[in-house]
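**Student:** Heads up: the sequence lines are chains W and G, in that order. Position 80 of the first sequence, counted from 1, bears residue number 80 in the working numbering, the numbering being contiguous throughout. Position 140 of the second sequence, counted from 1, bears residue number 140 in the working numbering, the numbering being contiguous throughout.
If you're looking for bench data, these hints aren't it; they were derived computationally from the structure. Everything numeric in this text was worked out from a predicted model, so none of it was measured. Some hints could be false.
Unchecked claim - Pulled a few chain W residues facing chain G out of the computed Cβ check, cut under 10 Å:
(1) Ala34
(2) Ser52
(3) Val62
(4) Phe64
(5) Val67
(6) Ala69
(7) Gly78
(8) Ala84
(9) Val95
As the list claims (entries may be wrong) - Computed beta-carbon distance windows for the label pairs:
(10) Glu93/W <-> Val20/G: 19 to 29 Å
(11) Val16/G <-> Leu82/W: 13 to 23 Å
(12) Val95/W <-> Ala10/G: 35 to 45 Å
(13) Val65/W <-> Met75/G: 18 to 28 Å
(14) Gly157/G <-> Glu93/W: 22 to 32 Å
(15) Met134/G <-> Val65/W: 16 to 26 Å
(16) Leu82/W <-> Ser133/G: 17 to 27 Å
(17) Phe53/W <-> Phe93/G: 34 to 44 Å
(18) Ala10/G <-> Ser89/W: 17 to 27 Å
(19) Asp96/W <-> Glu145/G: 18 to 28 Å
C-beta: ideal position from N, C-alpha, C; glycine also.
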Amino acid sequence: MVPTNYYLILSAILFGLGIVAFVFKRNVIAIFMAIELMLNAVNLAFVAFSQSFGKVDGEVFVLFVIVVAAAEATVGLGIIILTARNRRSLNVERVDLLKL
Amino acid sequence: MTGALVIFFALAALAVVGSVSLILQREPIHSALSLIVVMVALAGLYLLMGAEFVAAVQIIVYGGAIMVLFVFVIMLLNAGEEERTNFSKLATFAGIPLALAVTGFIAAAIAHSSASLPAPEPSGALTSTKTLSMLLFSDFVYPFELTSFLILVAILGAIVLAQREN
Chain W
1 MVPTNYYLIL
11 SAILFGLGIV
21 AFVFKRNVIA
31 IFMAIELMLN
41 AVNLAFVAFS
51 QSFGKVDGEV
61 FVLFVIVVAA
71 AEATVGLGII
81 ILTARNRRSL
91 NVERVDLLKL
Chain G
1 MTGALVIFFA
11 LAALAVVGSV
21 SLILQREPIH
31 SALSLIVVMV
41 ALAGLYLLMG
51 AEFVAAVQII
61 VYGGAIMVLF
71 VFVIMLLNAG
81 EEERTNFSKL
91 ATFAGIPLAL
101 AVTGFIAAAI
111 AHSSASLPAP
121 EPSGALTSTK
131 TLSMLLFSDF
141 VYPFELTSFL
151 ILVAILGAIV
161 LAQREN
């Protein structure tokens, strides 16, 4: 069988790659996808722990995370459509109205 | 090397390659397709661990619904190639050390603490989903109802945000 550590380290790697994508991407949709990647990494750790301890609670949390991610994607993409219409650009650095 | 380990490394490599591709691709639609690869690989890993219901939800909700929403918005906004700007110096200087520190810290903590964790094993396919649903509708019934409310609010919010004002 595959040790739990392998799953957890894969989860950490995916989370780190999510951070890199979040910081480096300039397209707001790509940044949003980086957030989804990080949520997926956390889900992997949840399922690994859940199966490792033989309890199903972790999988229930994963379901809740997926529901929250879906809600977040809906509202977030609505906001993205709105800013893209107002700013005529998807670059996050063009959204600088609050900047001095 | 057992078969499970081979499958694990294949799927893990697929997930990591997909994530790296998400970072490197310039077109948002290519990033979205890379993310779908990652999600399918993760669904395979869930199946490997015996969490078949979560794997199905992962494919249907994440790979299906959420990513279709992303692709739809990318096409709606006609998102082209990502432009490079010069004022992302902070990202270069803070981003990579931050990511390395977080990954290293988590990996070190895992390596130190969880050497004795039992391996996740498929514990009888149908019982797992049955216990999951029993738990979801008994102990977690209030959070479950709250999530339906959350989805409703999110739908209303999206409609209000995205409508064209006349």
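**Student:** Take the hints in turn and mark each one as holding or not.
**Tutor:** Here is how each hint holds up against the structure:
1. Ala34: holds (7 Å)
2. Ser52: holds (5 Å)
3. Val62: Holds. Min distance 5 Å.
4. Phe64: With a closest approach of 6 Å, the Phe64/W hint holds.
5. Val67: holds (4 Å)
6. Ala69: holds (7 Å)
7. Gly78: holds (4 Å)
8. Ala84: holds (5 Å)
9. Val95: violated (12 Å)
10. Glu93/W <-> Val20/G: 19 to 29 Å: Hint holds: Cβ distance 23 Å, inside 19 to 29 Å.
11. Val16/G <-> Leu82/W: 13 to 23 Å: violated (34 Å)
12. Val95/W <-> Ala10/G: 35 to 45 Å: Because 40 Å falls inside the window, the suggested range holds.
13. Val65/W <-> Met75/G: 18 to 28 Å: holds (27 Å)
14. Gly157/G <-> Glu93/W: 22 to 32 Å: holds (26 Å)
15. Met134/G <-> Val65/W: 16 to 26 Å: Roughly 20 Å apart at Cβ, these two residues keep to the hinted range, so it holds.
16. Leu82/W <-> Ser133/G: 17 to 27 Å: Since Leu82/W and Ser133/G have Cβ atoms about 38 Å apart, the given range 17 to 27 Å is violated.
17. Phe53/W <-> Phe93/G: 34 to 44 Å: holds (40 Å)
18. Ala10/G <-> Ser89/W: 17 to 27 Å: Taking Cβ atoms as reference, Ala10/G and Ser89/W lie about 40 Å apart, which means the hint is violated.
19. Asp96/W <-> Glu145/G: 18 to 28 Å: violated (41 Å)
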